[in-house]
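S.K.: Given next are the chains, with one letter for each unit.
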Amino acid sequence: MSYIYSRQDRRVSDEIVMEAAGINKAFPGVKALTDVDISIRKGEVVALLGENGAGKSTLIKILSGVYQPDSGTMKLEGREVHFDVPLQAKEAGIGVIHQELNYVASVSVAENIFMGNIPTRHGIVDYKTMYEESRKIMAKVGLELDPKICIGTCSVAQKQLIEIAKVISNDIKVLIMDEPTSSLNDIETKNLFQFIHKAASEGISIFYISHKLDELFEVADRVVVIRDGCVTAQIDMKEATRQLLISRMVGRDLTAMYPKEGAPIGETILEVQDLSTDWLKGISFHARRGEIFGIYGLMGSGHQEIGSALFGKDIIHHGKILVNGKPAKIKRPMDAIRAGIAYVPAERKTEGLVLNQSVAVNTVAAYYSKTHPLFVNRKRDSQIAKKWIESLSTKTPSENTIVESLSGGNQQKVVLSKWLELKPDVLILNEPTRGIDVGAKAEIYKILDRLVNEGKCVIIITSEMPELLAMSDRIMVMFEGQVSGFLDGKDATQESVVQYAIGG
Amino acid sequence: MKQQTKKRTLSDLMGDSSSLLTVIGALLVEIVVFAILSPNFLTVINFKNIGLYAAIVGCVSCSVTLVNISGMIDISVGSQIAVVGMVAALVSGAGGNWVGTTAASLAVGVTLGAINGFFITVLKLNAFITTIATMQSFRGLAFLLSDGMSLTISDSAFKFIGRGYILGIPMSLIIMLVCYLVFHFISKYTVLGRNVYMIGGNPQASFLAGINVNSLRFKLYLINGLMCGVSGVLLASQTGAGIPNAAANYNMTALSAVILGGAALTGGKGTILGTFLGSMVLAVLQNGMNMMSVGAYWQDIIIGAVLILSISIDAIKGGSLKRKL
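Protein chains in written order, with my numbering: chain A, 1 to 504; chain B, 1001 to 1325.
Next up, chain A with everything else stripped away, as it sits in the complex (with noise of 0.2 Å):
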């Protein structure tokens, strides 16, 4: 992909590709879509905005022939179409792109992408023609890669491509993508872009879900937003601003996105020196009380394993931890907490939470690790349980409900007061809004503006430039395993970060 691929160089037609009208959907006890109204051109990218819950993943699933709709009509060029699997949405030519990725670790690339339909000849796999064609179809989104590779060598931006590439691969008109840059970082976003732009001045219509409103801009024709299960809003983007799309989303004005006041900066409480682990080089920081600190990097630059060293989850070749002064030996999380320190992991379902447990159960689990008592005692678990509760705001039925059953934001704040209830003095959050919606996210960050307030050191290591920029009082980048730079996070910018995260 030699030449650069920009918005300009779309033709947006007038024929419309793909439209769904007077759509409904209920499920027992929620009705998530109302009469919705939504079409989309040959060659347009609309994006899909919406708060987690309002409905965005529904219609995404009726038009992808997941679901069926309770009522209503859609039609594929002209022609009324009815969806009864996503096999007969696939064959008419619309391609989805999921949030998780589906692929078999264990096995090769051409193997996945010829997954359910392997060639074969006389009945026995024919490897040549796979291998030739896995690169014949990869070509067309300008990745070289070995099909012969097992694919869990590859990076998620790889494997995400490889995913595009099957898709599209099946001549497609509509293309739905659900947040696929949760995962890539600013370079791999780019790339992305990059091959959305061409893909779309090729005639190929694409749906676009993000939480990221700043990419929006730079990749969609126009938004239609989602609130509650009705359409809110239909935006051209040359007339959007952030302001009024988060208002449409939320139904109110956010008028601050990033709450950060910032707080009085206090003496040095966590010091990292020399710090080495697997991934880790020498790595030496420190931070305050009262401060957010910052911590960026692209994938695999190590940043994400500063949190697990930090909490005794790697192992530690060599370096020193100083919390408070005092030198802290940790070989496991239990050294960590009993040192002043808290953890918020990046993946909240596999290590944040235990999903079949109530927000009590899972609200005092490290304080029964610290504590260790010999016996429950469920009344308290439930003052502390309710306490939480109502001082982060979070949304459930009872201290009682399994936590599966609460959205992502509110998951969040389980975790969140896990580790408050520990009182720690420093609170080290990865990735702390993924997966979160713009209400929640605001609702996150003014919690940790309270936190820095009331004297902690908050450490966030994170992929969203936004977020890092706006809430940081000092960035560190890493890049391969070391320190490449430190920012303040006045004069930060995103140019500056990237340039840091790019190895100088």
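No lab work stands behind these hints: they were computed from the structure. What you were told as hints is all true, and nothing was included just to trick you.
Result set (DSBU-like, lysine-lysine): computed pairs, CA atoms no more than 30 Å apart in a straight line: (1) B:K1324 <-> A:K90; (2) A:K446 <-> A:K370; (3) B:K1219 <-> A:K329.
Fit chain B to the supplied structure of chain A, relying on the hints for placement.
M.R.: Relative to chain A, chain B alone:
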């Protein structure tokens, strides 16, 4: 808003006990059917028999439940019980009194549990594979201890443990009920019990919350070994012998009871009460079929069918038919 809160809590509770309802239903159906078909079924003596029969495997089922809730598995319990039984017979035969015999037996059980625990938590081998291997080695050990012979136990004080009665109630039954009460208490009211559910539900998140996952898993294998010791003592004293090929099916019976009681082999779910009811379903079924002189082959088929029927009912209630995968 208040009302809604209450409703949700109630449905949460129902969700938890839904497999309990299945197993209670199964037990009631069995009792009614056998009471109609067999005139001697609803008698005190018969229920004592059921209790005696259920006690040996019932004890070990308690700890197997915790192991399964923690997301682990132990299929070597039958072999462990056999080794314990042999040791009991050897120690008793060498002149040990009932206290010494029992203590030695329990210690051997704990040791066998420690061996499983070592491989699973220190070398971090897969629990299923590890206990497949130890199931065979322990069975071999049971034969080796007596060169394949059965050893008789003559100490009547030791035999009283399994055969005696206190106030007309069989000792075995009392021991089993005490075990269930203790394990019910552990699982519901201790932090150890709470943590068993946590590490079974999500080991990674539990580890990051400061729970020492491996140490807890090791403790569970020790406890499981101890309970194999208890079951082994009951077995040796009830039969009055150390029999190297005894207890061959006990791991499957214990697992069946646990599964009938609503535990998930993937961990994080299950109750001691459920396992108790599950083991009763199996014991009543076996007893009833014996009273009706159902052939041994048919008994196996029917026990398997009841197990599959009960988990099918749970799966369907959980919406398995509405899922595509």
